[in-house]
Amino acid sequence: MAHEILAATNAVVTLDVALPGIVWPWLVTVNMWAKSIGTGVIFMLFMLLRMHPESAKNLRLPTAIVAFVFINIFLIFTLADLHQPFRMWHIFVYSNFTSAIAVGSFMASGFLGLLTLLVFLAWKKKDETYDKVLLWTTILAIPVTLYTAALMAQCTAREIWQMPTESAQMILAALLSGSAVMILVGGNKLSYEAKKTLGVVLGLSAFMAFTIYMSEYIFGPMKAEEVAAVMDYIKGDGPYTVMFWLGQWIAYLLPMVFILLSRSSKSESILKLAAIFALVGLAIVKHVWLIIPQLLPMS
Amino acid sequence: MQLGFLVDLHLCMGCKGCEIACKVENEVPLSTWRLRVKYVDVGTFPETKRTFTPLRCNHCENAPCERICPVSALHYLDNGIVNIDKERCIGCAGCVMACPYGAIYIDPQTQTADKCTYCAHRVASSMMPACVVACPVQANIFGDLDDPTSNISKYIQVNQSNVQVRKPEKGTNPHHFYVGGGNVNLNPLASHRGEGHNLFGEIKNLPVGGHH
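Respectively, the protein sequence lines represent chains S and C. Throughout the first sequence, residue numbering follows our numbering, covering 1 to 299 in sequence. Throughout the second sequence, residue numbering follows our numbering, covering 1 to 212 in sequence.
Just so you know, the hints here were simulated from the structure itself, not pulled from any lab data. There's no promise every hint is true.
Okay, derived cross-link-like pairs now, SDA-like style, lysine to any residue, Cα gap no bigger than 25 Å in a straight line [claimed, not checked]: (1) C:Lys204 to S:Leu15; (2) S:Lys124 to S:Met47; (3) S:Lys272 to S:Phe207; (4) C:Lys167 to S:Leu19; (5) C:Lys204 to S:Val227; (6) C:Lys49 to S:Leu15; (7) C:Lys16 to C:Ala190; (8) C:Lys204 to S:Leu27; (9) S:Lys235 to S:Trp26; (10) C:Lys49 to C:His192.
Examples of chain C residues toward chain S, derived with CB under 7 Å [claimed, not checked]: (11) Arg36; (12) Leu55; (13) Ile68; (14) Val71; (15) Ala93; (16) Gly102; (17) Ser191; (18) His192; (19) Arg193; (20) Ile203.
Glycine included, C-beta positions come from ideal geometry on N, C-alpha and C.
Construct the entire structure; sequences and hints are all you get.
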């Protein structure tokens with residue numbers, strides 16, 4: 001943690017107030033995880049309706065319902081994390097548009113409105129209108145999934161949350177979790193070819209996300225002392241080392257291996273296993289990355 | 001007018017008078033602080049020295065807390081003070097996460113964000129902040145940074161080569177300066193922080209807002 005200590009100064013804090021605990025706890029992890037799923041399944045449905053329309057046409061209603069449920073989970077956990085949840089309406093009345101939270105709230109609300117419309121249209125089997133609304137829902141899903149990255153970037157105190165990296169990670173998390181959920185939700189409705197496509201998306205997004213994490217792990221500390229200090233929490237015998245590597249293996253490395261195995265053996269069961277691992281692992285990865293910069297003393 | 005603070009660390013003797021005055025003036029709840037004095041011991045026995053560093057909100061010109069607050073509960077006053085409207089705050093803690101100085105906390109009584117306001121209510125009545133009044137050695141110098149004849153401006157002019165801010169690399173342009181500070185005072189990564197070296201001995205972390 002103390003990267004700039006000199007033997008000559010041998011500086012030791014001998015009296016100070018105790019450090020604050022975790023400010024954004026596991027509730028925010030669930031928030032990010034559920035939002036990745038809620039937006040990711042929309043991306044995947046949009047893709048499948050173009051690449052495998054016959055196979056994907058029966059997924060309009062289930063996908064809209066899954067997205068609706070997970071975006072509501074995201075919103076409920078966001079609300080639960082507020083210390084004054086009954087003042088949530090202030091965001092819409094006293095909006096400060098330099099804040100990613102305020103902008104994101106409007107976008108997420110609009111997204112939820114579109115999802116509700118999609119559920120209604122799918123229920124009424126108005127596929128043509130559904131597909132038109134899905135286009136706009138997919139477009140809105142991009143900033144909805146990205147705004148948390150903007151929020152993290154606005155946290156000036158947390159050096160490891162950099163905007164270009166976090167935005168890439170948010171999109172990759174949506175692709176990873178979206179493809180994983182669609183593999184599980186697809187069941188018998190999706191053809192094997194469609195599932196293979198989802199497997200490719202899952203495997204590639206896992207590979208890219210893992211590459212970015214490893215790049216930060218190795219090269220981040222060379223750029224900034226605070227990043228180096230934060231990385232110490234996931235290196236050596238750091239308090240989050242085990243959880244970090246557990247997340248990397250479960251979310252990325254094992255699913256990548258499973259995808260390859262499923263392709264070589266044409267096994268849908270292994271593909272489903274990859275999907276389950278990716279979903280569980282993503283929550284662990286997100287949690288570690290959320291917590292570790294909060295362990296660093298600010299003063 | 002742009003109000004600012006300067007602490008002459010040569011003068012500060014760590015009496016914590018400012019800390020107590022702030023607590024009383026602003027009714028700051030237990031386990032939270034708007035202003036605190038950090039002790040850092042430097043050197044190896046018998047060549048040792050204790051340094052004292054009062055830490056409070058830096059009232060940044062480019063304040064991350066103001067930018068991230070979704071409801072403008074944190075806002076600028078015309079005199080440059082970054083003030084907080086606790087009635088408007090929703091308690092999202094975005095400001096706590098954004099502040100690179102750890103100057104913002106969640107008030108366990110109101111469950112809203114709170115921090116030093118340079119005693120904006122006293123300043124509005126042409127009084128000095130409580131910590132300035134309480135300091136027995138006038139280590140706290142408060143005044144208008146836009147006025148070259150103010151005490152703070154003169155102090156900065158005289159001590160030009162020795163005026164520092166905390167974490168200048170963050171680009172926040174703090175309106176809070178230190179004279180006589182070193183890396184050990186101003187950089188949290190430049191000193192060891194052993195467990196138990198705090199006001200409550202065995203308590204390592206305080207709950208945020210009294211829950212979570």
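Here is what the structure says about each hint:
no. : hint                 : in the structure
1   : C:Lys204 to S:Leu15  : holds, 12 Å
2   : S:Lys124 to S:Met47  : holds, 22 Å
3   : S:Lys272 to S:Phe207 : holds, 18 Å
4   : C:Lys167 to S:Leu19  : holds, 18 Å
5   : C:Lys204 to S:Val227 : holds, 22 Å
6   : C:Lys49 to S:Leu15   : holds, 14 Å
7   : C:Lys16 to C:Ala190  : holds, 23 Å
8   : C:Lys204 to S:Leu27  : holds, 22 Å
9   : S:Lys235 to S:Trp26  : holds, 21 Å
10  : C:Lys49 to C:His192  : holds, 15 Å
11  : Arg36                : holds, 5 Å
12  : Leu55                : holds, 5 Å
13  : Ile68                : holds, 5 Å
14  : Val71                : holds, 4 Å
15  : Ala93                : holds, 5 Å
16  : Gly102               : holds, 3 Å
17  : Ser191               : holds, 4 Å
18  : His192               : holds, 5 Å
19  : Arg193               : holds, 5 Å
20  : Ile203               : holds, 5 Å
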